[in-house]
Structures are given as C-alpha cells and as structure tokens.
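Engineer: Sequence:
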Amino acid sequence: MLNPFKYGEIVSGSNFIDREDETKKLLRDMGNGLKCFLISPRRYGKTSLIRTIIDKLKRKGYLVAFIDLYGAASLEQMAVVLSRAYAEAQETKLDNIWRFIREVIPRLRPVFSVEPDGNFSVTIDVKEKKEEINNTLMHLYNLPYKISKKSHKSFIVIYDEFQEILNLGGISMEKQIRSVIQTHKGIGYLFSGSKKSLMQEMISSKERAFYKMGPVYFLEKIYKEHWTTYIKKNFQKAGFKFIPETIDFIIECAENTPYYIQYLCYEVWDLSLNDKTVNRKKVEQAITSIVCKQSPLYAGWWDLLTLPQKQILQMVSVVGGKNIFSTNFLTQCKLTPATVQKGVKLLQGKEILEKENDEYVFSDIWFKEWIRKV
10 MLNPFKYGEI VSGSNFIDRE DETKKLLRDM GNGLKCFLIS PRRYGKTSLI
60 RTIIDKLKRK GYLVAFIDLY GAASLEQMAV VLSRAYAEAQ ETKLDNIWRF
110 IREVIPRLRP VFSVEPDGNF SVTIDVKEKK EEINNTLMHL YNLPYKISKK
160 SHKSFIVIYD EFQEILNLGG ISMEKQIRSV IQTHKGIGYL FSGSKKSLMQ
210 EMISSKERAF YKMGPVYFLE KIYKEHWTTY IKKNFQKAGF KFIPETIDFI
260 IECAENTPYY IQYLCYEVWD LSLNDKTVNR KKVEQAITSI VCKQSPLYAG
310 WWDLLTLPQK QILQMVSVVG GKNIFSTNFL TQCKLTPATV QKGVKLLQGK
360 EILEKENDEY VFSDIWFKEW IRKV
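So the sequence shown is residues 10 to 383, counted in the numbering used here.
Honestly, the hints are just simulated from the structure, not real lab data. Fair warning: there could be bad hints in the mix.
[What the hints assert, rightly or not] Cross-link-like lysine to aspartate or glutamate pairs, in silico, DMTMM-like; alpha carbons within 25 Å at most: (1) LYS215 / GLU183; (2) LYS221 / GLU183; (3) LYS136 / GLU112; (4) LYS15 / ASP30; (5) LYS138 / GLU100; (6) LYS290 / GLU216; (7) LYS242 / GLU216; (8) LYS351 / ASP312; (9) LYS155 / ASP169; (10) LYS242 / GLU254; (11) LYS204 / GLU112; (12) LYS291 / GLU254; (13) LYS377 / ASP367; (14) LYS67 / GLU261; (15) LYS15 / GLU234; (16) LYS44 / ASP284; (17) LYS290 / ASP312; (18) LYS382 / GLU360; (19) LYS241 / ASP312; (20) LYS136 / ASP126; (21) LYS205 / GLU261; (22) LYS302 / GLU229; (23) LYS351 / GLU210; (24) LYS246 / ASP77; (25) LYS331 / ASP279; (26) LYS230 / GLU97; (27) LYS138 / ASP104; (28) LYS67 / GLU85; (29) LYS377 / ASP284; (30) LYS364 / GLU229; (31) LYS67 / GLU141; (32) LYS291 / ASP279; (33) LYS382 / ASP312; (34) LYS204 / GLU229; (35) LYS44 / ASP104.
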C-alpha cells in the first residue's frame with residue numbers, strides 16, 4: 010500500500026484537512042468583488058487552500074488568474090507572470106495562450122519554449138526603460154476588468170507572495186496597483202503572503218496604499234481534533250496498531266503544523282511497515298531520521314551564523330523564545346539585551362526565527378531539533 014501522507018506538495022481531496030470556514034468566507038468575499046488579504050506563516054497549507062478555492066471558483070464559472078510573485082526577479086518578469094496568468098485564466102490551448110501574451114506585452118518580445126514535462130517557459134528578449142515597463146504594468150493591472158467586461162464573466166485575481174512587490178517596485182508599486190484596482194467593481198482580489206510582518210505593515214499603516222482596503226484573514230493552525238481523525242484513519246486503513254497517545258505525540262512533536270505533521274507521519278509510516286505498529290519510539294526514530302537527512306542543509310545555515318546568533322538559537326531551542334530579554338535568558342546565554350535584540354532581528358531577516366504572538370519561534374522546527382543535538 011502506498012504511503013498516504015503527503016508533504017512538500019500541494020494537497021487536495023481527502024488530504025486537504027479542514028479549512029472549511031476560511032474557504033467559505035474567502036469564496037463569499039471574493040465573489041462579492043472584495044479585495045481580501047490572506048496572511049499565513051509558511052508550511053501552514055496556504056497554497057493548498059488557495060488551489061482548493063481556485064478549483065471551486067472555476068466550477069462556479071469564474072475566470073481566475075493565479076499570480077505567484079515569488080519567482081519574479083524584475084519588473085519585466087512580473088509583466089510576464091501577469092500576462093501568463095491572465096492568458097491561462099481564459100485559454101487552455103497553448104497557441105492561444107502564447108498569442109495573448111504576445112499581444113499584451115509586444116514590446117518585451119516574449120520568447121516561448123516547451124519543457125520536457127509539457128509545460129512552457131517565457132523569456133524576455135529586450136529590457137524596457139523604467140517608464141515604459143511601468144506603463145506596461147499599469148496596462149496589465151487593468152486587464153482583468155477589461156477581460157471581464159468583454160467576456161461577460163466574473164473575474165477573480167489571486168496574488169501569492171504579494172509582499173514581493175516591495176522588492177520589485179517598493180511602496181510606489183503598491184500605490185500604482187491600488188490606483189487601478191480600486192476602480193474594478195465586481196472584480197474579486199486575494200492578496201496572500203507568508204511574510205507576516207511585511208504584509209501586516211502593508212495593510213495596517215495609514216500611510217500605505219492598501220490600508221483598510223478589504224477584509225484580512227490570518228491563517229491559523231488546524232485544530233488538533235481534525236488531525237487526530239485524519240491520522241488515525243490513514244493508519245487504520247492499512248491495519249496499523251497504535252494507541253491514541255501516540256497520535257497526540259505526533260501532533261505535539263510537529264507543533265500542529267500541516268507540513269511537519271505530514272512529513273513526520275510519512276516517516277513514521279515507512280518505519281512501521283514491517284510490524285504495522287506505531288508507537289512513541291517509532292516517532293522519535295522518525296524525527297531523528299528527518300534531522301539526519303536535513304543535516305547538510307542545517308550545517309550550512311549554522312556555519313553562516315555569528316557566535317551570538319548561535320547562542321540565541323541554542324537558548325531558544327531549549328527554553329523557548331517567550332522571554333528572551335529576561336534576566337534568566339540573558340544570564341544563561343551570557344549576552345547583553347542589545348546583542349540579543351540585534352541578533353534576533355538578524356535571525357528574523359534570515360527567516361530562521363519568526364515572531365508568533367509574543368514568542369520567537371523557529372521557522373523550521375527540524376532545525377531546532379538539529380541544534381539540540383549539536
């Protein structure tokens with residue numbers, strides 16, 4: 010029997026756990042033409058949620074453009090990403106998609122090539138002057154409204170990793186996008202991002218363009234009860250023996266986070282295939298196996314850190330990151346408050362630590378386990 014647990018990929022169907030409330034509200038708000046914001050830490054299943062929503066919207070007859078800005082490294086590449094998303098929202102035939110892209114960004118002279126897997130890539134033959142590429146982008150921002158009017162179909166635009174516009178065009182790009190889309194009556198938007206501090210600043214600061222533009226959703230961890238049911242069901246189907254406390258231990262070790270739960274269950278499944286028994290020892294062995302596999306990566310991260318940064322991480326891995334400026338924390342790591350403050354800020358910039366409510370936590374929980382074993 011195939012391992013039923015999935016990680017490192019978009020999940021759907023029975024592997025897509027809960028999120029019914031978020032799905033319902035986002036479908037409602039975008040369907041009503043609102044400009045919505047979705048903020049989620051990485052590995053919480055944001056992309057799987059978005060893909061589920063896209064499937065539901067398409068079944069309802071909406072045109073949906075999915076715009077992933079994570080890989081866009083220039084304004085020209087952003088223009089390609091936008092034009093491709095709009096093309097694929099309307100067309101399925103490759104020739105029609107290419108024709109649309111050529112028509113909307115003719116000055117960039119897009120060049121197409123088909124990949125071995127049947128997908129295609131687009132490269133740019135020329136680079137426009139800043140004023141020209143800005144004009145091109147302004148035209149692209151307005152296309153969903155024009156397409157909707159021409160086709161007489163409702164259009165939904167979904168941006169993923171939206172905070173990347175700050176690297177591409179800065180705050181001025183926020184203003185440009187807002188100036189266009191605020192006139193798009195009936196066009197639903199979803200701006201999603203995984204860098205919480207950047208996204209929050211974008212929507213909560215009165216000086217920023219997206220301040221109070223629409224409803225904001227923060228993706229939380231999935232309730233433990235949903236995971237318990239899902240994990241038990243998969244192990245029971247294959248005849249695995251376990252006690253409820255072991256399932257609780259899995260969820261606890263994976264910190265109730267979708268990616269880590271799936272990853273840990275995947276490893277536990279493989280370790281338990283021979284005797285079909287899942288227990289605490291197998292879970293601990295699975296964690297050790299995961300950390301060992303990731304060790305070369307983590308060692309590379311560790312080598313790039315300063316001594317104070319290493320000391321901070323060692324302390325957080327043991328006592329947690331809730332009271333990092335307490336006398337006890339500072340005494341044990343032998344650092345000054347200023348050094349800890351600077352170190353934590355840099356570790357956040359490296360995306361090793363992130364702030365969750367009033368506590369600093371590891372962005373990668375397996376890195377925390379690796380540090381404990383160093």
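Engineer: Would the hint linking LYS382 and ASP312 be met if the CA-CA limit is 25 Å?
Structural biologist: Status holds; Cα separation ~16 Å.
Engineer: Between the alpha carbons of LYS204 and GLU229, is the straight-line distance 25 Å or under?
Structural biologist: holds, 14 Å
Engineer: Mind checking the alpha carbons of LYS204 and GLU112 for me, to see if they're no more than 25 Å apart?
Structural biologist: violated, 34 Å
Engineer: LYS44 and ASP284 were given as a pair; does the straight-line alpha-carbon distance stay at or below 25 Å?
Structural biologist: Not satisfied, since the Cα-Cα distance of roughly 52 Å exceeds 25 Å.
Engineer: Given the proposed pairing of LYS242 with GLU216, does the C-alpha separation stay at or below 25 Å?
Structural biologist: Distance ~50 Å between LYS242 and GLU216 Cα, so the pair is violated.
Engineer: Are the Cα positions of LYS291 and GLU254 separated by 25 Å at most?
Structural biologist: Cα-Cα ~13 Å, so holds.
Engineer: Can you confirm whether the C-alpha distance between LYS15 and ASP30 stays at or below 25 Å?
Structural biologist: Holds, because 23 Å separates the two Cα atoms, which is no more than 25 Å.
Engineer: For LYS331 and ASP279, compute the direct alpha-carbon distance and say whether it is at most 25 Å.
Structural biologist: Cα-Cα ~35 Å, so violated.
Engineer: Are LYS15 and GLU234 close enough, with their CA atoms no more than 25 Å apart?
Structural biologist: Roughly 19 Å between the alpha carbons, so the hint for LYS15 and GLU234 holds.
Engineer: Going straight from one Cα to the other, do LYS205 and GLU261 come out at no more than 25 Å?
Structural biologist: Since the Cα atoms of LYS205 and GLU261 sit roughly 23 Å apart, the hinted pair holds (cutoff 25 Å).
Engineer: Given the hinted pair LYS377 and ASP367, is their Cα-Cα distance within 25 Å?
Structural biologist: Answer holds: LYS377 to ASP367 is near 19 Å, not above 25 Å.
Engineer: Regarding the pair LYS138 and ASP104, is the alpha-carbon distance no greater than 25 Å?
Structural biologist: Outside the cut-off at roughly 29 Å; violated.
Checked against the numbered hints listed earlier, the structure breaks hints 5, 6, 7, 11, 14, 16, 17, 19, 20, 22, 24, 25, 26, 27, 28, 29, 31, 35; every other hint is satisfied.
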